[in-house]
Structure formats: C-alpha cells, structure tokens
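> Now for the letters of each chain:
Protein chains: 2
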Amino acid sequence: MANQKQKSLSLHEQHPGKVEVNSTVKVTTQEELSLVYSPYVAEPARAIKENKDDVYKYTSKGNMVAVISDGSAVLGLGNVGPKAALPVMEGKAVLFKTFADVDAFPLVLDTQDPDEIINIITNLAPSFGGINLEDISAPNCITIERTLKKTLDIPVFHDDQHGTSIVTLAALINACRLTDKDLSKLHVVISGLGAAGGNIARLLHKVGVSNIYGYSLEGVCSYKHYEDYDFSVQELLDEGVLTPSDSSSLETLIKDKDVFIGVSAKDIVSKAMIESMSKNPFIFAMANPDPEIPYKDAKDAGAKIIGTGRSDYPNQINNVLAFPGLFKGVLKARAKNITDEMKIAAAKAIAYIIEDKELKDDYIIPSPFDKRVVTEVSKAVYQVATK
Amino acid sequence: MANQKQKSLSLHEQHPGKVEVNSTVKVTTQEELSLVYSPYVAEPARAIKENKDDVYKYTSKGNMVAVISDGSAVLGLGNVGPKAALPVMEGKAVLFKTFADVDAFPLVLDTQDPDEIINIITNLAPSFGGINLEDISAPNCITIERTLKKTLDIPVFHDDQHGTSIVTLAALINACRLTDKDLSKLHVVISGLGAAGGNIARLLHKVGVSNIYGYSLEGVCSYKHYEDYDFSVQELLDEGVLTPSDSSSLETLIKDKDVFIGVSAKDIVSKAMIESMSKNPFIFAMANPDPEIPYKDAKDAGAKIIGTGRSDYPNQINNVLAFPGLFKGVLKARAKNITDEMKIAAAKAIAYIIEDKELKDDYIIPSPFDKRVVTEVSKAVYQVATK
Numbered sequence: 002m003a004n005q006k007q008k009s010l011s012l013h014e015q016h017p018g019k020v021e022v023n024s025t026v027k028v029t030t031q032e033e034l035s036l037v038y039s040p041y042v043a044e045p046a047r048a049i050k051e052n053k054d055d056v057y058k059y060t061s062k063g064n065m066v067a068v069i070s071d072g073s074a075v076l077g078l079g080n081v082g083p084k085a086a087l088p089v090m091e092g093k094a095v096l097f098k099t100f101a102d103v104d105a106f107p108l109v110l111d112t113q114d115p116d117e118i119i120n121i122i123t124n125l126a127p128s129f130g131g132i133n134l135e136d137i138s139a140p141n142c143i144t145i146e147r148t149l150k151k152t153l154d155i156p157v158f159h160d161d162q163h164g165t166s167i168v169t170l171a172a173l174i175n176a177c178r179l180t181d182k183d184l185s186k187l188h189v190v191i192s193g194l195g196a197a198g199g200n201i202a203r204l205l206h207k208v209g210v211s212n213i214y215g216y217s218l219e220g221v222c223s224y225k226h227y228e229d230y231d232f233s234v235q236e237l238l239d240e241g242v243l244t245p246s247d248s249s250s251l252e253t254l255i256k257d258k259d260v261f262i263g264v265s266a267k268d269i270v271s272k273a274m275i276e277s278m279s280k281n282p283f284i285f286a287m288a289n290p291d292p293e294i295p296y297k298d299a300k301d302a303g304a305k306i307i308g309t310g311r312s313d314y315p316n317q318i319n320n321v322l323a324f325p326g327l328f329k330g331v332l333k334a335r336a337k338n339i340t341d342e343m344k345i346a347a348a349k350a351i352a353y354i355i356e357d358k359e360l361k362d363d364y365i366i367p368s369p370f371d372k373r374v375v376t377e378v379s380k381a382v383y384q385v386a387t388k
Numbered sequence: 002m003a004n005q006k007q008k009s010l011s012l013h014e015q016h017p018g019k020v021e022v023n024s025t026v027k028v029t030t031q032e033e034l035s036l037v038y039s040p041y042v043a044e045p046a047r048a049i050k051e052n053k054d055d056v057y058k059y060t061s062k063g064n065m066v067a068v069i070s071d072g073s074a075v076l077g078l079g080n081v082g083p084k085a086a087l088p089v090m091e092g093k094a095v096l097f098k099t100f101a102d103v104d105a106f107p108l109v110l111d112t113q114d115p116d117e118i119i120n121i122i123t124n125l126a127p128s129f130g131g132i133n134l135e136d137i138s139a140p141n142c143i144t145i146e147r148t149l150k151k152t153l154d155i156p157v158f159h160d161d162q163h164g165t166s167i168v169t170l171a172a173l174i175n176a177c178r179l180t181d182k183d184l185s186k187l188h189v190v191i192s193g194l195g196a197a198g199g200n201i202a203r204l205l206h207k208v209g210v211s212n213i214y215g216y217s218l219e220g221v222c223s224y225k226h227y228e229d230y231d232f233s234v235q236e237l238l239d240e241g242v243l244t245p246s247d248s249s250s251l252e253t254l255i256k257d258k259d260v261f262i263g264v265s266a267k268d269i270v271s272k273a274m275i276e277s278m279s280k281n282p283f284i285f286a287m288a289n290p291d292p293e294i295p296y297k298d299a300k301d302a303g304a305k306i307i308g309t310g311r312s313d314y315p316n317q318i319n320n321v322l323a324f325p326g327l328f329k330g331v332l333k334a335r336a337k338n339i340t341d342e343m344k345i346a347a348a349k350a351i352a353y354i355i356e357d358k359e360l361k362d363d364y365i366i367p368s369p370f371d372k373r374v375v376t377e378v379s380k381a382v383y384q385v386a387t388k
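Protein chains in written order, with my numbering: chain B, 2 to 388; chain V, 2 to 388.
Heads up, a few of these hints could be off.
All copies of an identical chain are treated as equivalent in the list; a pair is satisfied when it fits inside any one copy or across any two copies.
To be verified - With a Cα cut of at most 27 Å, we get these calculated DSSO-like pairs of lysine-lysine:
(1) 27 to 333
(2) 6 to 58
(3) 53 to 6
(4) 207 to 337
(5) 8 to 27
(6) 333 to 8
(7) 182 to 150
(8) 27 to 372
(9) 8 to 58
(10) 53 to 8
If you are wondering where the hints come from, they were derived from the structure by calculation, not from laboratory data.
When you get a sec, could you build the whole thing from the sequences and use the hints?
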C-alpha cells in the first residue's frame, strides 16, 4: 500500500498531470493554417452565428464534458479546496476518455458559494455538451444540480449522487435475480443521507421499493430529528421516499431488514447486527477505503451478497460502470436532461451484462474493463433519450 | 476562395471540432485504475493540500492555458456571441499545441459583462497555468486584463492587444535594420485605437518611439475629441504615449511620416497619401481580410516595406509568431506576469531569427513554420522571467 501510494505520486509527476489537449487537425502548411485559423475559421463561425445548433456540427462541444468541482468533498479527504481536487478531476477526465471516448475537461473552482458556482457554470455552458459535477458537498450539490438542470440546455449530472445510485441499483437487481427475491418488497436500510445516500433512496423508491429506512449522524431517520436535517433529507421524509422509524439505534433499526447500504463511515456495523437481519441479507458497505463492516466479518456473519467500494474485494460498486456510457448515450442523443428513466435503463444495462447462469454471490457486478459495459449502457440510455 | 471556405467547413465538420482531451496515462488494469483514480489519486490530492505549489508537480496545470472569449469581437465578424466564437478559440488551442506543445483549452462565455467575466476567470484560475484572453471588445478587454493581472497568481495575456504589438514591433525592428533607420526617431501614424492599436502605441513608446500619432473613427487623435474617447484612449493622451495633432484628416496627418500602422478598416489610405509620406515609408496595413491600402497600390506608391495580416502577401504580421513561444517561456519560468520586458524580448527574438544578410523588403518577418521561432521566443522570454 505504501508502495502503491508512491507509485501514484510518481505516475502523477511524470508528465506531469494526466490530461492534455490535442489537435484533431494538422497544421503544417500555410494553407492548413488558413483553414484552421484566420481567415477561413470565419466560415464555421459565420455558420454558427446564423444557426446556433451548428455549434454541434463544427466544434468539439457535442462530445465535450466539463468535470467540475469546488473541492469541498473530495474522496474521503473532505474539503481540500480546488487545487488539491485537480488530480481527482483529471482522473475522472481520463476515465471518460479511456472508457467511452468522451472528451472531458477538469475544472476546479475557487469558490464554494452555490450561487456563484451556478452562475459560473451557466456562463461556461456554451463550450460543453454536458456538465459532470463532482465532489461538491451536500446539500449544495443538490441545489446546484437542480438549478442547472432547469436552466441549461445541456445535461447536468452529479456523479456522487447519481452514478452511485445507478450502480447500487444494478447490484440490487442482480442480487435479487440471483436469490429470486422481489426487489420492491425488500426492506432496506441506508446509512449516510448525503449526496449518495439520498439519491440511492430516491432511485430505489422510483423502482418501487417502499420500505427504505435512513440512518445518519443525527441517528435513525424520523420526524424527531426533522429540524436538524438539511432540506434534502427533509424532502426524503416529506415525499415518502424514506419511511420514518422510531428505532433508537442502527442496531435496532437493522433487525430483520433485507439490505444494508452504507455510504457513511467505517466499522459502524457489527457481526451481531448482520446476524440480526433477515436470512441471507445483502450488504453493500461502500465507505472508502474502510467499509461499514470488514468484508470478512460480513461474510462470517452470514451476509449472502457483499458489495464494497473497493477493487480488492468482489462486487465493487464502482461509478465508472455508469458515467462513461451514460454520457456517451446522452451526448449522442443530444438529450437536454438525464432523467430517472435513463438512470434506471443504465442500471439494468449494467446488471444484465451478466447472464443468469453466470451470476454468483461474488459476481453480481461486471468488471469496468468489460468492454460491453459502456456499449450496453450508452445504447440503453440513447434508446430512452430518443424515444 | 469559395473553395477554401468549403474546405474549412468540411475540415471542421469531420471530427467534428478541432480539439480533444487525451489521457497521458494508461488505464487497462485494475491496478492502473486504482493509481489514476480512487483510491490512490488521494496521494497527490493530499500532497497538494499540504503544499499548494505541488499542483504544478502532480497535475497538468503548469502547461495548461485557458483560451477565453466572450464572443464580442471575433475576427472581423464582430459580436457573434460565444457559440460562434468557439471554432476560433479551438483554432487558437490548436496553434498553442501545434507550435509550442502548450495545452490550451477553449472556453467561451455566455456573458459580456466585464465584472462577471473577471469573477468567472478568477474562480477558474486554479485549473490553469495561464490565461489567454481572445476576441473581447475594447475597452472591456483592457479592464478585464488589467484587473486579472493584479489579482491572479498566473500570467494573463490578451493576444489581440499584446500579440499584435509584439509582432508589429518585430517587423519595425527589422525594417529599421534593413534601412539603417533609428527606430526611436520614427514618426509613426497608427490607425485604429482599439485593443491592438492602443497597445502597439504603448509598446513602441516603451522602446523609445516618441512621435506616435493616432487616428480613429473620431478623427485624428487630439484633445478636441477627449470626451468622445473611452478611458483607454484618454490614457494614451494623458500618459504622453500618443502625441496629439491638430491635423484635420488622416490625409494631412500622414504627410511626411515614416510609418503607417493600420489596425482599422479597408481602403482608408490612398496612393497619394503614401506618396506624401517621407521617403521609403513602412506600411503595415493589417486590416483583415482587406488591408487599409491594397498591397500593390502601396508598392506602386513607393512604400519601401509593406506588411499585412494576410498570408498571401510577404511579411505577414501574424500573432502566431508570438503567443506560442511567449506562453511556453512564461509557463516554464512559472512567471506570475507577462511584463513589457518579456514582450520586447519576444519581439527581438522574432526579429533576429532573420540574419542581417537575409533581410529583404519582402522578408522582414520569419515564417510561422520556422521551427526556430518558438524556440528563440520562449528562450528569450524565459531568460527575462527568471532574471
């Protein structure tokens, strides 16, 4: 691990950085120079002036995503600010290009004021085909995304919210396929009600799961804590997405439940708690790098299917399964919004990469290196977008 | 020409667009994924959090320039807005990469309010090693550049102002070398007092030219029109950069002068006017695509040295000679500002690419494809920056 840390530093130092901006055209002669720049670049400029939509025809906009962060909630590191967030955003841009041939440019902002961020992104929008918000703390990320979704004519996606919820849904679909359980009848506990947890609850609710219970720093989610919650958690209660519970602790809440989804903190779940759940429970313990319960403990306590955020255990719930194909699909369709239907289509596409007969306790999630993932996700999303 | 216009449209349509964002690292295995992104991208993030300057060590920032426009003064097309400006900014990014291996990313803004533009660029600065402002109308471009130069810790450059003035100075240096004239003693008329003209005047003044006269839509520059000028032209008078004249027209102003520099409009100079100038005058008629006087007319009227903005005549005053090497030098030196000394060093470097014995009336400016240009300009600028 120390070795991997050093390897990462060396890798980042060598270029330095992980992205570069290349030309797709040659400029080796005076004629080429005159076509690419002055005077004949005036032609596409004129065409776009006449017909704004031609910006998709003559520029890179249509395949260009902005990966934008304010550095307020970076990985597990917290509020590290824009400069420290830059290697992460570059990494995201690398994944967009590598997995989906989508061009993505990392932008880190020197402000954490949501109104300023909204204003900046609004004014940057003409350059991009889509906006991927990243590592912005809750609930600002929700305010920013909602506002931009309403006002911009290009798709806006906050990966920490929606990427995670798509892949979690994919995992749950396959856990149910493997065990012949009915997804909508599952009783689910979600620990962590920030960007990821709140949106996982919403997407599960959308596909018919009606018993979803929440747990957060305030305790078990109920109206008792209502005034302590930010607006996003209040809405989850108001809209009936989360079912309030009068359990006094996570320990009592988790009893007899079928699924535990953790996007919170390490070691908050014990073996005894897993043993108190319904038979053969699903445990998605995604806190990174240390999950809510160690993999082996969950296994020993009788968890049927275990997913984590880590690549060194089976069933990694990894956003890279979702966002590259999702954006490829919406960009191709030139969709103005990313809808719940597209997210559900993406989750199903990820899940059904694995055939019935291939499904196993430790193989409910395909590998991000499975080339079919991006193809199937983008196809599914494109179909919904153009329907 | 119709043919070239069609060629340009086809070239822009084929990719579409002219830039792409590539990864400099491979991601083909789980290990590589873990180094480039979660979890080990946390290492450079942590290092930068501890030492902000490490952002240059571990990210692409240090070689990354933002090419930013509000679309308010694009080429000769005017205020075409951000989307129509995008092919031009992509073209600029292509030239940065092709000529100097500097990464540059095109950003067009959906606002033309200078305060908003300043705020946006300020907040974008952490992602970039330098800012190249482009095709922003005067005098806003001057306000924006001045403010950002004061507040940002990375170099800010408005190419329409400074790129043009550097290459014009290079041309003038060589015209003097060839004719054994003393640069500082030249009497110069500048037609057009916007972004380019104002800054050409400033740079010439800086190197000792004390007789510079202006001409603009208001007429010959004098205190008579003071109230009609924007602040940038008023300053040129207040600071003694421009010498006021009581000539009633360009025709009378140009009489007996040594140099005419046009960054204004076509066909405002006649053969008779050139004939009225001092013997063997220098005519830099840079209005694009149609110069202030047709090349042949200037020649016939006795102009000794003629430069234009066009690539199909000798001595093209082309900004591409300056900005790639200039930025390469300042980025390498990690200079916080681009100073007049650096601009003068760049101009001299461009000029002295051509040896004394090679200089000719129709060869005072090197070709942009001369590989020595970017090398010499970046070296000269680097030396000044690190002095």
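> Could you work out which earlier hints the structure fails to respect and list their numbers in ascending sequence?
7
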